[in-house]
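Enquirer: Last residue of the sequence shown: 202 in my numbering, with the numbers rising by one and none dropped.
There may be inaccurate statements among the hints.
[Stated by the list, open to error] Keeping only pairs whose Cα atoms sit at most 16 Å apart, straight-line, the calculated EDC-like set for lysine to aspartate or glutamate is:
| # | residue 1 | residue 2 |
| --- | --- | --- |
| 1 | Lys132 | Asp81 |
| 2 | Lys199 | Asp152 |
| 3 | Lys76 | Asp190 |
| 4 | Lys87 | Asp152 |
| 5 | Lys167 | Glu79 |
| 6 | Lys111 | Asp190 |
| 7 | Lys139 | Asp152 |
| 8 | Lys199 | Glu96 |
| 9 | Lys84 | Glu150 |
| 10 | Lys87 | Asp170 |
| 11 | Lys182 | Asp152 |
| 12 | Lys182 | Glu150 |
| 13 | Lys199 | Glu150 |
| 14 | Lys87 | Asp37 |
| 15 | Lys182 | Asp170 |
| 16 | Lys84 | Asp170 |
| 17 | Lys111 | Glu96 |
| 18 | Lys167 | Glu96 |
| 19 | Lys84 | Asp190 |
Since the hints were derived computationally from the structure, they do not count as laboratory data.
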Amino acid sequence: MHEIEHIPIQQNLRYQGQYLDRETGLHYNTFRYYDPDIGRFTQPDPIGLLGGLNLYQYAFNSLIWIDPLGLAPCAKVSEFDRIKSGKVYRVIRQDENISSGLFSLNPNNIKTVAGHVTSGSRSPSQFISATKDLSIAEKWASKTGNRIVEIDLSKISGGAIDISSTKGLDLLGNQFARRLAKGSSEVLFDAPIPANAIKLIN
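With the hints as extra help, turn the sequences into a complete structure.
Expert: Here it is, written out as structure tokens:
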């Protein structure tokens with residue numbers, strides 16, 4: 001019998017979005033480097049104070065917050081409250097067929113909640129946006145000429161992620177994302193919306 005030689009495998013992945021640079025010992029985050037020994041970034045936040053008052057901070061609590069690009073921390077989806085009853089509204093695109101349900105434009109483009117809010121339709125993500133306020137949907141519909149659907153949350157097993165509540169806005173962590181989410185009374189869905197939960201209202 002021969003003894004099998006075990007070769008250790010080096011694992012370079014660190015916090016979400018980070019890759020270990022073995023030469024420097026720092027963790028690479030697309031826009032800047034993170035130093036795990038001091039728990040801070042080595043360069044100031046490139047988006048300035050929009051990312052928070054501490055320009056070198058990774059996240060408020062790395063157990064429940066993430067900052068995959070090194071730009072602005074955001075809480076994980078599981079930290080947000082979910083609304084499981086009542087109605088929310090969505091202005092549907094011309095290409096959306098409600099008889100088949102509603103689907104995200106790019107389920108493979110995994111973003112943070114704040115990343116989805118700030119990039120909007122320019123970079124579609126795994127989320128589907130809606131609003132708690134019918135008057136906001138009516139304003140969007142009048143601008144785009146598109147139609148509005150009502151979504152019954154009691155017919156959706158996971159409900160909607162409430163990002164515009166007081167808690168949701170705090171968890172966004174990014175002032176720009178907070179302003180957008182609050183102004184839209186925004187909620188998100190992280191799974192397809194079944195056809196039986198959707199009703200066309202205009």
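Enquirer: Just to be careful, I want the Cα atoms of lysine 111 and glutamate 96 compared with a cutoff of 16 Å; is the pair within it?
Expert: With a Cα-Cα distance of about 22 Å, the restraint between lysine 111 and glutamate 96 is violated, given a limit of 16 Å.
Enquirer: Just to be careful, I want the Cα atoms of lysine 111 and aspartate 190 compared with a cutoff of 16 Å; is the pair within it?
Expert: 11 Å, holds
Enquirer: Mind checking the alpha carbons of lysine 87 and aspartate 170 for me, to see if they're no more than 16 Å apart?
Expert: Given pair lysine 87, aspartate 170 is violated - Cα atoms ~23 Å apart, limit 16 Å.
Enquirer: Does glutamate 150 lie within 16 Å of lysine 182 when you go C-alpha to C-alpha?
Expert: Roughly 20 Å between the alpha carbons, so the hint for lysine 182 and glutamate 150 is violated.
Enquirer: Taking 16 Å as the top limit, are the C-alpha atoms of lysine 84 and glutamate 150 close enough?
Expert: Given pair lysine 84, glutamate 150 holds - Cα atoms ~14 Å apart, limit 16 Å.
Enquirer: Would the hint linking lysine 167 and glutamate 96 be met if the CA-CA limit is 16 Å?
Expert: 31 Å, violated
Enquirer: Checking one constraint from the list: CA of lysine 199 to CA of glutamate 150, max 16 Å. Satisfied?
Expert: 5 Å, holds
Enquirer: Measure nothing beyond the straight line between the CA atoms of lysine 84 and aspartate 190; if it is 16 Å or shorter, mark the hint as holding.
Expert: 13 Å, holds
Enquirer: Take a quick look at whether lysine 199 and glutamate 96 sit within 16 Å of each other, Cα to Cα.
Expert: 13 Å, holds
Enquirer: Check the hint pairing lysine 199 with aspartate 152 against an upper bound of 16 Å on the C-alpha distance.
Expert: Judged against 16 Å, a Cα distance of about 8 Å means the pair holds.
Enquirer: Below or equal to 16 Å on CA atoms is what counts here, so check lysine 87 against aspartate 152.
Expert: 5 Å, holds
Enquirer: Decide if the proposed pair is consistent with the structure: lysine 76 and aspartate 190, CA atoms, cutoff 16 Å inclusive.
Expert: Between lysine 76 and aspartate 190 the Cα gap is close to 12 Å, so the pair holds against 16 Å.
The structure fails to meet hints 7, 10, 11, 12, 14, 16, 17 and 18 from the earlier list, while all remaining hints are met.
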